[in-house]
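2 protein chains.
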Amino acid sequence: MMNVVTAAAEAPKFADLTHHLAPEVLVRKTNPLKDIIRISWENPHLVSLANGDPHHSLYPIRRVEYEVASAADEDPVSAWRSLGASAPTQLLTSSRDADSPRLHQASLAYGHGVGLPDALRTVTALNNAYHTAPHHVATMTLGNADAITKVFRMLGSAGDYFLADEFTFGPMPIAAEAHGVKWVPVRIDSGGIIPKELERILANWDSRRGKRPHVLYAVPCGQNPTGSTLSLERRKRIYEISQKYDLIIVEDDPYYFLQYDPPSTEAHSTQTQKPFPVSFLSLDVDGRVIRIDSFSKIMAPGLRLGWITSQPAFQQHLVRFIDLSSQQPSGFPQALVSLLLDGWGLAGFDRWVRSLRLDYQRRRDFLLGLFQREVAPGGLASVDVPEAGMFLWVRVHLEKHPRFTRKAEEVVEGGRTNARELMQELFEACIRGGLLIVPATVFVLPTETGYEEEGSVHIDDRSNFLRATFAGSEETMAAGMPILGKVLKEFFADPSTARIDATSTVA
Amino acid sequence: MMNVVTAAAEAPKFADLTHHLAPEVLVRKTNPLKDIIRISWENPHLVSLANGDPHHSLYPIRRVEYEVASAADEDPVSAWRSLGASAPTQLLTSSRDADSPRLHQASLAYGHGVGLPDALRTVTALNNAYHTAPHHVATMTLGNADAITKVFRMLGSAGDYFLADEFTFGPMPIAAEAHGVKWVPVRIDSGGIIPKELERILANWDSRRGKRPHVLYAVPCGQNPTGSTLSLERRKRIYEISQKYDLIIVEDDPYYFLQYDPPSTEAHSTQTQKPFPVSFLSLDVDGRVIRIDSFSKIMAPGLRLGWITSQPAFQQHLVRFIDLSSQQPSGFPQALVSLLLDGWGLAGFDRWVRSLRLDYQRRRDFLLGLFQREVAPGGLASVDVPEAGMFLWVRVHLEKHPRFTRKAEEVVEGGRTNARELMQELFEACIRGGLLIVPATVFVLPTETGYEEEGSVHIDDRSNFLRATFAGSEETMAAGMPILGKVLKEFFADPSTARIDATSTVA
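As you go down the protein sequences, you meet chains A and B in turn.
Numbering follows UniProt numbering, in which position 305 of the first sequence is assigned residue number 305; successive positions increment by one, without gaps.
Numbering follows UniProt numbering, in which position 29 of the second sequence is assigned residue number 29; successive positions increment by one, without gaps.
No lab work stands behind these hints, which were simulated from the structure alone.
Beta carbons: idealized from backbone N, C-alpha and C, even for Gly.
Treat the hints loosely; a few may be bogus.
Below, a sample of chain B positions facing chain A; criterion: calculated Cβ distance under 8 Å [as the list claims (entries may be wrong)]:
1) Asn31
2) Asn51
3) Ala125
4) Gly331
5) Leu435
If we strip away everything but chain A, and leave its shape as in the complex, we get:
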């Protein structure tokens, strides 16, 4: 643990970004027992009656054995799924009777907020393999919800403004709203955040609203819900803007390992896969990127384990917060991932995630195929092909609906349509038809108004999307897409059902 933390001291001069910290961080005192703990670390010869930890001989757990998939084959996920109970496995053991009981004892004892040394070595090895950020440091987390909300708490308090995609996975902005953060939506297209829209907001910020936004929350790969992935060009441009306007980038990247080739590629193989993208972390010369990774999508969400990568100054405040709140993650998942990476090796891990992305790619292509067959021919909906993640963002061509109309009372003010009402009708029609699919309105970032460019289309009128996942089973997808096709057809054909006569409400 000590050398991991101490490595921080060797980091190069990152920018001093402590002015981004919330007041709560700055007034948080350190644990008064910390001096005692420090004395104990620095003087291991002392007889200590200081620590109130249960004695390890009293832990009733002798051994934990994990039977996990083997990653020895070229396409281990495929073997794991197709061979069922006879798929090759590997045993990983944490035991007090083993040659080295250190990991077992450490995983069962109290620890330091930064995480178990073995787990930190594991995620540091992953960072070194997939990113270029040798001077950033890792902190273990309870998965991305925990990591994101802790980082938001660290950076934002009442009156602060944060930026995010105009369609965003809702719980995260809501968590920050509760402690007073306000959200500013950035216009997106099929490639994600539009850099010049980001710059427009920052350049034209009206200081009468308050302090200019200082945090950008971004999901660069397979964004939830839109499935978009930022190109390297956009990433670079966004990073430059962040430097110019002094933003912290919170890079939430749970789908980083789930990258897909275009559907046209024949005979997918691990050899021909496109490279993993360049993360904001790898671009981060200033130390203004706080990257958030998770084991949820590549291992299992129930582990509740992930990690934050940041410049050391942010880590220091994060760890102090962790020590005074959730404390470090459970020793079991931390031990498991470190045993797993030891057992598989980095090469095995790489085979697993490349094989996993092939599996999800097959699912994506399966859903796309169904969409092409069952929905697209009607001409009432279309999709972009997601290059990462778990979601298909289905655009509904509402303008073809017989009852699509501009709401008369809204003509003056931006010319709003009845898109929102029609999408709600469509959502309900899907339910009646037997299909649950998520309407875009659920993902609209909660905000004040007035951030849009003059005369731009209202977000409600651009919420003509449905989010469908390809993470589920093929049976579910095969059952769902025909329903969507049928419901769309009926919904667009019949102008009479639940008719909203917009013109009748003219003032």
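Given chain A's structure and the hints, the job is docking chain B onto it.
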């Protein structure tokens, strides 16, 4: 999960205590996806393309096997410690190939903030066995630091006052201070919080300071650091005061299961043990007690698992907070405790904790014996016998020190002494002597002044204590107590070392 949560609806009329909630709780919105999830629960026949969860066939974990201590014997902890590698064990298995793969799958998947249904059943069974609170409900936590800080965040914001023992385990008050809570110390004696001191503070509260304190943080058994345990009479009185002055009692009870008989009892046996104490929870007719339990002391702290028991209205807000922050605990420790209670049975669990308390009782008596032999004869320090917990609170008889004096410049203002300086010297002398032991000053509750009764002795002058733990090994205790005896003797004998001449600083 559903029936556990639904059970809340059957609860009797608890008092409506929502006015205790912090503003952040009241403005926290619910997850906008929740409606979608609800529709999915209520309509299981729907084909769902809504959930972005990784498919369970992709989790690379086939089986987790825990080899744990057997609890079949009368004194299982003793067997576990003395028999070493040949101690009887029991295998607990979570597996996707088992007869019922439900627990395994649930432990690896996303879940609900309240916790895994199996883990909730487990802790509810423990609550029912050891407390009388059939209408309170349980919520899984990441251990007591997580639980306490979440509850403090739920109840306290800037300008709120909370009450606690004047000597308290420091990190918890510090966590609440960071979000603006101020602490008010309650005078204690060897029996813990003095009820009439609690009432004095509330009855005489000066409203110019702000709102009267509305939360009492209490550690009723084996309090850390003083080792005190509240008698049933005091508990009842404190509960009445809480009703009269509308307090929420946060009952932090990690040492509940570590109860000890007086040292005189010959031939300790599980038969003659005193009963477990009546918790504040069991007295709670109003729903104003939020009880916090942990598996850290009875299983292992590295599990990071515990539970909160509260009235359903508080649970609802807690769970919403959990869903928007740390999320539910890792599935591994949750699966383990539910498998363990199934495997051991409630009777086995009871044997384990009764055997564990005997083990700690032996350690306590061992440390007491050492104290009597190595320290007490000098007449320079004394102890009360702790009835619970892990700590011995050693009173140092500073008034016998040749340099003990009233500080001349302080005579007017309460007659303060040089106790603080002498205790610091003693702490440093212990370190030089080779012993790390924690001085009381580290545990002084951080507060403003002016809560004390007129003319009462300043906290610094009552901080003449050292905290020693008996949770460690007998070797450590055997090495430590002679050092303490020797250092005390030398420190009290030699008036010249590092002399502070208080009189020379007279103004």
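Worksheet item: When the hints from earlier in the document are held up against this structure, which numbers fail?
Response: 3
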